[in-house]
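Trainee: Protein sequence lines correspond, in order, to chains L and A. Taking our numbering, the leading residue of the first sequence gets 1, the next gets one more, and so forth. Taking our numbering, the leading residue of the second sequence gets 1, the next gets one more, and so forth.
Hint data in this document are derived by calculation from the structure and do not stem from the laboratory. Careful, some of the hints might be misleading.
[To be verified] Quick list of the computed label-pair ranges, beta carbon to beta carbon: (1) A:W25 x L:L63: 29 to 39 Å; (2) A:E339 x L:L63: 47 to 57 Å; (3) L:P6 x A:D28: 49 to 59 Å.
Keep in mind that this is a model prediction, so the values were computed, not measured. Glycine included, C-beta positions come from ideal geometry on N, C-alpha and C.
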Amino acid sequence: MNGSLPLIWRKFGERYDLDGNFCETCKTAYFPARAVCQKCRRKGKLVAQKMPKTGTIISFTELSAGPAGFEHEVPYFIAIIELENKARLLSQIVDSEKEKIKIGTKVEKVFRKISDIDPEGPIAYGYKFKVVD
Amino acid sequence: MAGIIGYGVYVPKNRITVEEIARVWKKDGKAISKGLNVKEKAVAAYDEDACTMAVEAARRAVSQAGIEGKQLGAIYVGSESHPYAVKPTASIVADAIGASPELTAADLEFACKAGTAGMQMCMALVDSPVPEWLEYGMSIGTDTAQGRPNDALEFTAASGGAAYIMGKKKEEILANILDTYSYTTDTPDFWRRQHAEFPRHAGRFTGEPAYFKHVIGAAKGMMERVKMQAKDFDYAVFHQPNGKFPIKVAKMLDFSMEQIEQGLTTPFIGNTYSGSMMIGLASILDKAKKGDKILAVSYGSGAGSDAFVIETTENIEKKRHKKSVFEMFEEKEYIDYAEYAKCRKKLKSM
Ligand SMILES: [Zn+2]
Numbered sequence: 001m002n003g004s005l006p007l008i009w010r011k012f013g014e015r016y017d018l019d020g021n022f023c024e025t026c027k028t029a030y031f032p033a034r035a036v037c038q039k040c041r042r043k044g045k046l047v048a049q050k051m052p053k054t055g056t057i058i059s060f061t062e063l064s065a066g067p068a069g070f071e072h073e074v075p076y077f078i079a080i081i082e083l084e085n086k087a088r089l090l091s092q093i094v095d096s097e098k099e100k101i102k103i104g105t106k107v108e109k110v111f112r113k114i115s116d117i118d119p120e121g122p123i124a125y126g127y128k129f130k131v132v133d
Numbered sequence: 001m002a003g004i005i006g007y008g009v010y011v012p013k014n015r016i017t018v019e020e021i022a023r024v025w026k027k028d029g030k031a032i033s034k035g036l037n038v039k040e041k042a043v044a045a046y047d048e049d050a051c052t053m054a055v056e057a058a059r060r061a062v063s064q065a066g067i068e069g070k071q072l073g074a075i076y077v078g079s080e081s082h083p084y085a086v087k088p089t090a091s092i093v094a095d096a097i098g099a100s101p102e103l104t105a106a107d108l109e110f111a112c113k114a115g116t117a118g119m120q121m122c123m124a125l126v127d128s129p130v131p132e133w134l135e136y137g138m139s140i141g142t143d144t145a146q147g148r149p150n151d152a153l154e155f156t157a158a159s160g161g162a163a164y165i166m167g168k169k170k171e172e173i174l175a176n177i178l179d180t181y182s183y184t185t186d187t188p189d190f191w192r193r194q195h196a197e198f199p200r201h202a203g204r205f206t207g208e209p210a211y212f213k214h215v216i217g218a219a220k221g222m223m224e225r226v227k228m229q230a231k232d233f234d235y236a237v238f239h240q241p242n243g244k245f246p247i248k249v250a251k252m253l254d255f256s257m258e259q260i261e262q263g264l265t266t267p268f269i270g271n272t273y274s275g276s277m278m279i280g281l282a283s284i285l286d287k288a289k290k291g292d293k294i295l296a297v298s299y300g301s302g303a304g305s306d307a308f309v310i311e312t313t314e315n316i317e318k319k320r321h322k323k324s325v326f327e328m329f330e331e332k333e334y335i336d337y338a339e340y341a342k343c344r345k346k347l348k349s350m
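So here's chain L without its partners, still in its complex pose (with noise of 0.2 Å):
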């Protein structure tokens, strides 16, 4: 796991369950949650939000080479991820055939170890996408 542990441990509710949050006055939702609305600045109001378990590929690429911790999963796939509520991130696409995988695709979380480098350190969880059948 790289990174101080603090820094990951706060960050358990966005990895795990999409905790996000949500401008009141535009109703635009951010994922990771923002401190302040972009569109609407000191005037939103902004209130934490779980995001939606699903989503739409926006596009993806097919990855040969992985950083440190994920060379044993290569090649793998990573897309950007637009949610129902429209709030968009990046995650790794798991469990899914490799032709399903397309712009367009409907796909949803799962909960998966995102790093286990180190056999004695601790294990990083989170969400990974996979494509609904």
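For chain L, the structure is supplied; the task is to place chain A with the ligand on it using the hints.
Mentor: Then chain A with the ligand, alone, in the frame of chain L:
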């Protein structure tokens, strides 16, 4: 009285056939597959473990129960492959399904029956007047079971899990648990020491004095207590270390093939250890109609069995999962031994 208000199953997508494992070790795959009555087994992906499968099963159970994660007052996770030796799987599951922080949680271990021990604990907590705030409890059985390469266990040791939520509101219960009974002795049939990677077993000793003695002890004790006989049940499910033992034990207890077929899942996904009987029971609940009676008996080496007498309610129809357990089994992809070794990190340099 406490009953089941929701259940969820998770089985990973990867499958390896018994014949493929046998090919690597130059053994007769067809004969082994027939002898064990196991065709193939489910294998967790490289980025899955007992915890991620527990979360997936838990999410399905919570969704069927029609409650929110934060309403759960207890979460127990039974496994013999908890990702950490010290650091609970249960707290990760609780956080991932939004149950934190107002709940009690713990990991349990009793070889293949820790999940059913957790079911008994949840029943008791839900029924107990104290703590008054605790309305719902969830028990999960989950394992990424490992067999030493070229050991007999390697043909069956599989990955999967199931979650059961107990509640006591009549309008939410899909199956009442009429009674439970357990049978436990100190029997050294299977064990894994701290820091040891693979379990060891006592070969032939795992049959008669271990599996059969405890499953039969618990089943007979249970049926005597509720004054029921085999013919009074619509379904029965027993722990399934392979596809043969549960059929044999059913015969010994006078249950027919028709009564156990729906819950017989090991031939298609292998032995999911803590998940085994709980997945079989889920498959029965997928099919059962109002008023059906089920005998469910787990087994954990070491050794013990938990038995349950379950009766489905009128809520079972409207709470049906969109996808049945057997339909989930069909979502699969075959892998070869090399991919399997990578997924389960059997290569020492990884
Ligand atoms: Zn705004």
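Trainee: Does each hint hold? Answer for all of them.
Mentor: Here is what the structure says about each hint:
1. Restraint check, W25 (chain A) to L63 (chain L): a C-beta distance of roughly 34 Å satisfies the suggested window 29 to 39 Å.
2. A hinted range of 47 to 57 Å is violated for the C-beta pair E339 (chain A) and L63 (chain L), which are about 18 Å apart.
3. Separated by about 55 Å at the C-beta atoms, P6 (chain L) and D28 (chain A) satisfy the suggested range of 49 to 59 Å.
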